[in-house]
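**Student:** Residue strings, one per chain:
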Amino acid sequence: MSRPEDPPTHRDHDDIGCLAAIEMFYAYLDGELDDSVSIADFEHHMAHCRSCFTRAEMEGLLNERLRELAGRRAPDRLKSRVRDLMKRF
Amino acid sequence: MYRPAKRGRCPVPLGRLATVAPERATIRGMTERTATRRDFTQAVEAQIDALYGLALRLVRKTADAEDLVAETVTKAWLGIDTLDDPNRFRPWIFRILRNQFISEYRKASSRPRLVSIDEQEDDTGESDLIPLLSGQPDEFLQWWANPETDVANRLLGEQIMAAIDELPESFRETILLVNVDGLGYDEAAKVLGVPPGTIRSRMKRGRTLLQKALWIQAKDAGLIRDQETKK
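Here the protein sequences line up with chains C and X, keeping their order.
Last residue of the first sequence: 118 in this note's numbering, with the numbers rising by one and none dropped.
Last residue of the second sequence: 343 in this note's numbering, with the numbers rising by one and none dropped.
Among these hints, one or two may not hold up.
[Said to hold, decoys possible] Heads up, simulated DSS-like pairs for lysine-lysine below, C-alpha to C-alpha not over 27 Å straight-line:
1) C/LYS108 <-> X/LYS173
2) C/LYS116 <-> X/LYS187
3) X/LYS302 <-> X/LYS187
4) C/LYS108 <-> X/LYS324
5) C/LYS108 <-> X/LYS302
6) X/LYS187 <-> X/LYS324
7) X/LYS187 <-> X/LYS173
[Claimed, not checked] Covered stretches of chain C, as calculated for chain X (at least 3 residues, CB under 8 Å):
8) 67-78
9) 83-94
10) 103-111
Rather than coming from a laboratory, the hints here were simulated on the basis of the structure.
All residues carry an ideal CB built from backbone N, CA and C; glycine is no exception.
Could you build the full structure based on these sequences and the hints that come with them?
**Tutor:** Here you go:
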């Protein structure tokens with residue numbers, strides 16, 4: 030997805046428009062948009078709409094921050110407890 | 113408060129393990145069971161951090177979270193025959209943990225409430241997002257889309273977590289499973305027992321609600337100056 034060079038043009042005759050793009054926002058960013066036509070439509074819009082592009086960048090950044098929240102490690106005593114538990118299975 | 117059966121001990125009598133797969137009580141079966149146990153042990157160890165993280169988000173207290181994980185591992189082993197696809201171990205054991213939490217949680221809990229998804233949510237669809245977005249204040253959209261404010265980097269992890277905690281349970285769970293734990297939509301759907309389309313719908317609505325909650329967090333934290341909100 031390349032950064033749009035032109036000023037925002039929210040919709041042209043080939044464009045899906047901002048609302049349709051926003052509908053696809055999270056599925057696209059989460060890698061869950063598997064329909065090639067939808068992906069092409071979304072990326073076309075992003076290439077032409079600076080507002081949506083910026084918003085997508087921010088959402089992507091927030092995704093990174095959210096992933097950082099997963100960094101918690103289980104305490105060693107829990108790992109040891111679970112290992113002991115599984116030895117008894 | 114979440115109350116585990118018996119802390120520090122296997123809550124299931126070991127004799128019950130014999131009922132897991134009686135056909136395995138042959139020499140060949142013993143070998144298979146050993147292999148299964150080894151695979152199971154490796155799979156659990158690979159997921160132990162994620163299981164603990166999920167448990168801690170649900171029960172909030174470290175001791176309770178550890179108990180919940182231990183009970184989940186026991187239940188998972190007892191139900192190992194229900195694991196249809198070993199490649200889907202993570203959503204399978206996440207679901208067991210969540211179900212264990214719900215069954216215990218409904219007896220007693222320190223969290224405010226866990227409302228059934230059916231009670232609070234309309235998952236009907238795509239069009240729900242439009243009124244939600246149009247209801248957002250312009251100041252929020254301007255702030256959110258403005259790279260100069262550098263919102264995502266200025267918010268602390270605790271503030272982001274506090275914003276997530278403000279969300280209705282179904283959206284909170286979905287965002288945490290997808291964006292924090294890294295589950296795919298179909299995996300999250302399996303954990304929560306809903307169709308994948310519901311996850312997609314919840315992501316759109318939940319993330320939009322999260323933006324509002326982040327806005328409030330940012331305001332409360334003084335990250336947004338008055339002049340920024342009046343641009």
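**Student:** State for each hint whether it applies.
**Tutor:** We went through each hint and held it up to the structure:
As the CA atoms of C/LYS108 and X/LYS173 are separated by approximately 17 Å, the hinted pair is consistent with the 27 Å bound. For a cut-off of 27 Å, the pair hint linking C/LYS116 to X/LYS187 stands: about 15 Å separates their Cα positions. For the hint linking X/LYS302 to X/LYS187, the alpha-carbon distance of about 17 Å falls within 27 Å, and the restraint holds. A threshold of 27 Å between alpha carbons decides the hint, and for C/LYS108 with X/LYS324 the separation of about 38 Å lies outside it, so the pair is violated.
Of the pairs offered as hints, the one joining C/LYS108 and X/LYS302 holds, with about 26 Å between alpha carbons and a cut-off of 27 Å not exceeded. Taking the CA atoms of X/LYS187 and X/LYS324, the gap is near 39 Å; set against the 27 Å cutoff, the hint is violated. As the CA atoms of X/LYS187 and X/LYS173 are separated by approximately 21 Å, the hinted pair is consistent with the 27 Å bound. Chain X is given as covering the segment 67-78 of chain C, and this is violated because 0 residues of the stretch bring a CB closer than 8 Å to a CB of that chain, at least three being needed.
With a cut-off of 8 Å between beta carbons, the segment 83-94 of chain C has 10 residues touching chain X; three or more are needed, and the interface restraint holds. Check on the segment 103-111 of chain C: 7 of its residues sit with their Cβ under 8 Å from a Cβ of chain X, so the three-residue criterion for coverage holds.
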